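> Line by line, the protein sequences give chains A and B.
Going by numbering that gives the first Met the number 0, the first residue of the first sequence is number 0, and it counts up by one from there.
Going by numbering that gives the first Met the number 0, the first residue of the second sequence is number 0, and it counts up by one from there.
If you're looking for bench data, these hints aren't it; they were derived computationally from the structure.
Fair warning: this is a prediction, and the values are worked out from it, not measured in the lab.
Positions of the beta carbon are idealized from the N, C-alpha and C atoms, including for glycine.
Hints may contain errors.
[Said to hold, decoys possible] Residues from chain B that face chain A, not an exhaustive set, calculated with beta carbons under 7 Å: (1) Asp347; (2) Arg353; (3) Tyr364; (4) Arg570; (5) Val575; (6) Val593; (7) Arg681; (8) Thr711; (9) Tyr716; (10) Phe892; (11) Ala893.
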Amino acid sequence: MRSLSNILHLATKELRGLLRDPIMLILIVYAFTFSVYTAATAMPETLNKAPIAIVDEDRSPISMRIIDAFYPPFFLPPSLITHAEMDARMDAGLETFALNIPSNFQRDLLAGRNPAIQLNVDATRMTQAFTGTGYVSSIVSAEAQEFAAGYRQDAEPGVALVGRARFNPELDPAWFGSIVQVINNVTMLSIILTGAALIREREHGTIEHLLVMPVTPFQIMTSKILSMGLVVLLAASFSLAFVVQHLMEVPILGSIGLFLTGTALHLFATTAIGIFLATIARSMPQFGMLLILVLLPLQMLSGGSTPRESMPEVVQFIMLGAPTTHFVMLAQAILFRGAGLTVVWPQFMALGLIGGALFAYTLSHFRRAIGTFA
Amino acid sequence: MSGPSTSGEGAAAWIAAVEDVSLTYGRVRALDSVSLEVPSGQMVGLIGPDGVGKSSLLALISGAREIQRGRVTVLGGDMADAEHRRQVGPRIAYMPQGLGKNLYPTLSVYENVDFFGRLFGHSKAEREKRIALLLEATGLAPFPDRPAAKLSGGMKQKLSLCCALIHDPDLLILDEPTTGVDPLSRRQFWELIAQLRERRPGMSIVVATAYMEEAARFDWLFAMDEGRILARGSPASIRDQSKATSLEAAFIALLPEGKRRAHKPVEIIPRAEAENEVIAIEAQGLTKRFGNFTAVDRVTFRIRRGEIFGFLGSNGCGKTTTMKILTGLMPATEGEAWLFGKRVDAQDIETRRRVGYMTQSFSLYSELSVRQNLELHARLFHVPAERIPERVRLVAERFELTDILDALPNRLPLGLRQRLSLAVALIHEPELLILDEPTSGVDPIARDAFWRSLIELSRRDGVTIFVSTHFMNEAERCDRISLMHAGKVLVSGTPAALQEASSTDTLENAFVHYLQKAVDEENREEAEATASFDTAPTPASASSTSRSFDLRRLFSYARRESLELCRDPIRATLAVLGSVLLLFIMGYGISMDVEDLTFAVLDRDQTTTSRDYVLGISGSRYFIERPPLQSYEELDARMRSGELSLAIEIPPDFGRDVARGRATEIGAWIDGAMPQRAETVRGYVQGMHAHWLNQRLAQSQAGGGGAGSLFTIETRYRYNPNLESLVSIVPAVIPVLLMLIPAMLAALSVVREKELGSIVNLYVTPVTRLEFLIGKQLPYIALAMLNFLTLWILAVTLFDVPMTGSFLTLLAATLIYVTATTALGLLISTFMRSQIAALFGTSILTILPAVQFSGLLDPVSSLEGAGAMIGAIYPTTHHLTIARGTFAKGLSFADLQASFVPLLIAVPVLIGLSVLLLRKQER
């Protein structure tokens, strides 16, 4: 009872302090509105306006057909260049793809001589290079096959492949991108708010004052987690409702309540990380360095920026210890696939465990960490 | 120069004039049309209670604060004029309020003074000479290498004075220089000033002080109250005006009727000895060591319940540490302590409720109002809710805080904040009060009021009071006192007994006597320590100080910042090691090569053809087959749970239709929850489908026999033939890391000065904004370059990423780039006041654009909307192009010129904006 009222009063203090800092409030609003919106809308479809050049040495009907098959929005209109120009243009990064149609391609194709088309890819252009190659190949193949089929009466009619994307039929990257951005900001903000607030209390000596009062480290930590968690949760809900659902018209399939419950669990874990870092760091600049060190992997390797399947298994395994990994999983499942608790309970459990472990560890070291500082 | 009536400063009878100056902070009026003239060549004092505008007035005269209304003329020019401020800056020295506020805590004594010397453009020889003289005169010479943070309060103030005097100012402005300093140090401080004046009679000194006995020795005084001047004149004439015997009495007499009546002299009620006395505090052989430094050395004492026990001693003698041990904040290395008969235990919550503690430095929440601070502490001490308003009202009345209940503490002067701290310590009616220099910086009237309440608490309520103080008249009011020095208790007893034993006439002299004895014993060999200013340094040769851009000032900031960086090796190590670690994590963690995607088949055909089709997918390294699907419901459920990334549906009669050449459709259901993965899956499936068809076509053409294909697409992955993610990711991660870390460090370095107070040196020294910013930036540029080299070496050795292009091009680009990234940090810092905001702001403004808008994953040309625009101008984009170009593509400067241009534009734009937005004065 006592403990509860202490936590409540301390939490109120935290909130009051935050309200007095207009720049922080502006930054929070910025992070959950403008930042989410630009990040999500800037994301291109995997293939968006990919620059492609074609060296057409055949100048045949089939090469014309292939050239006409590349058009926006997937590709920029192909630039027709000579073989000599190709190297320079690729060096300068003007083209991601360069297709080289050799002379006599059509003749050899129809004669069944198995001619070769050369596709040059700028492999430093990560996403486009890797997925785009498949697209270019299938477009060229389709054109060539159709041409060949139309030319010869005995050809088999095509077996069509009908791809249907579930949960996001247009594969609009903004859907997932906006959620990932919300998740990233939730993570960043919660770590900064709790951690930096604790460092500030240390640098200004107020934590000493708390420690001589009938207040336990448990209460101090809990109050910070509660108050800052609440702020971030509110900001995230607002962002989800207003920016994601309303402004960007992303359809949410699942239960927002369940998602916010997951967010709260995630916040428990990330705010605990914040306090943990603050007990290690001796000054704000040190905390800043630690923050980047922790935040970047949490964001980049959570499965939100690149698919988890793309990471080496060791990394996948290690990242199971990061709250963001589970949060991204549960966000995907709940918001887009409409999954319920029966599906996402393992993620909920994991978040609770990670948060609990960090909290317990930090609590046991709290007094000593503060004491050595004083 | 637009000087007023006086022509030629030498002839002027006054050195600074203030005309009709008003200053408001929000709704609080700090100065109310004040006019005064500071006589030149004299020692001028500003006296008055806390919060009457003394500090504001001094800040205006020194040029540290922006003038709101009125006119301030100093050294023959208008202080509103930036050009004039720059001109006269080297002739003014300003020591702000607070112990060592303008010092850099991690720098040593010598380095602190040296920094100021460099700032004023002294040559090496001259600096050395001056510093040696100053340190000698202030008695700091024996420990030039001690960091400022480890100095005692008195030594900090002396060091501060050294820093102020290094450039031979004509006008020395001291804001409560001896507040919180022990009597011996205080005495030495004023002796120092006296010597200084002897040597340089022309120098004018303006001092704000709360010590009336000090003010009595000044030449000229201004008595202030509520933002107005009450009286002016020599101390004697002020005394005569009010027909008082002492200046303190005179000052009280000058106050308006209402305030004067509130003041009553302190009456000391002798303590009644009781029969069986309860011991409230007992310490037995308390010892505290920090490394090989003994802060508290076998301290033993017993304090009876209801006693007022005074702790006296020079600064840094171990008083604060002893108090911290008693409160349980710090464990003792040896010895034990008991409160109310219970051993001190950090876990003991119940005892804590009986204790009120007040720390030396202000440690309440500056973001909460006075009332909120009081209420918060009342609640945390479990004062019953219904009694809280009454308690708040009572303590507010007792310490005269009623009028400022809704003000924020950091808007209040030191004295008022001290009163608030006291009020907080008393809010829960503790049985034991531990007060660490509670009245430092509190004016005489408030101090008397405070002591009246202490005596009342002790005598009426039986509260035990353990208090440390530097005021001798306060020590006289204690029942018993202990004198501490260098961790040891020198002597204990009643004030009268101590005075008698030392055969001195006042307690202050007794104190100085004991202390001097102890000090003499310590450094007998350094008996010559109290040298003087006799050997006058050469006259000021401040030739360069008035230049508008001076490399020496710039480098002195750069040097200082580097020293600070070196003193905090963890920060630099984290920056370098952290980026190495991140390079590993990101280099190995991010890859576009998506493998082991899960899929399952809903095969309604179950023929060799359908199995052949599925084999084409399951045989690839990209996909892992899961148990086949039986129905749409199952497909739906398993996709919803996220188990499957892809489901293939093969229609009935697929094999027959294919054989007969009839049109048929294969369904590919892809989990679109993560679009990027879905695109990859779609790309793979399409490729395999096309391959399968191509093969069948060729088979049928070759009469069903051969396994050839119609034609081939030869894919050549350029610059990275084996399609290794590392080759593509590593050169791109380096620019990202060189954005985040240097920007964060640079931003924090400026905001840190704002938060901790040393920014005042920018306000009052001749350093310009450009010199300040670039000076602070240089060390971080160097650190970033070191960072870059480490990353580069790792990239080419450990990661085996080939460096095919021109290294020099990359190096040059990186130098420009990190200049831009640190400048971005500086720009962010100009908006932010707190380190938290700087941390958060820098994270938001760097991580997102660097990671998502700069081409790390998606090429900038493919971005949309605002992100595309940010990406086009963001420095990371261009450095990333250069890094990839020189690493993988074998390019040189000629090929990459275009990417240098935006980087070269970014640097002056970012620095220019920072200079424009940084304030050279406090507002």
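> Regarding the hint that Arg353(B) lies at the interface with chain A, is the smallest CB-CB distance below 7 Å?
violated (9 Å)
> Next item in the hint list is Thr711(B). Is there a CB on chain A closer than 7 Å to its CB?
holds (4 Å)
> Can we keep the Val593(B) interface hint, with Cβ of chain A closer than 7 Å?
With a minimum Cβ separation of about 5 Å from chain A (threshold 7 Å), the hint on Val593(B) holds.
> Is the hint on Val575(B) kept, meaning its closest Cβ partner in chain A is under 7 Å away?
Not OK, violated: Val575(B) not within 7 Å of chain A, min 10 Å.
> Is the shortest C-beta separation between Tyr364(B) and chain A less than 7 Å?
Cβ of Tyr364(B) sits 6 Å from chain A, so the hint holds.
> Verify the interface restraint on Tyr716(B): the C-beta must sit less than 7 Å from at least one C-beta of chain A.
OK, holds: Tyr716(B) within 7 Å of chain A, min 4 Å.
> Given Arg681(B) was flagged as interface, is its beta-carbon under 7 Å from a beta-carbon of chain A?
Given a least distance of 5 Å, the restraint on Arg681(B) holds.
> With 7 Å as the cut and Cβ atoms as the points, is Asp347(B) at the interface with chain A?
Given a least distance of 9 Å, the restraint on Asp347(B) is violated.
> Let's test the interface hint: is any C-beta of chain A closer than 7 Å to that of Arg570(B)?
Arg570(B) check passes; min Cβ-Cβ to chain A is 5 Å, inside 7 Å.
> Per the CB criterion, is Ala893(B) less than 7 Å away from chain A?
Status violated, d = 11 Å.
> Should the interface hint for Phe892(B) be scored as holding, given a Cβ-Cβ cut-off of 7 Å against chain A?
Violated. Min distance 13 Å.
Going down the numbered hints, you'll see the structure goes against 1, 2, 5, 10, 11, while the others check out.
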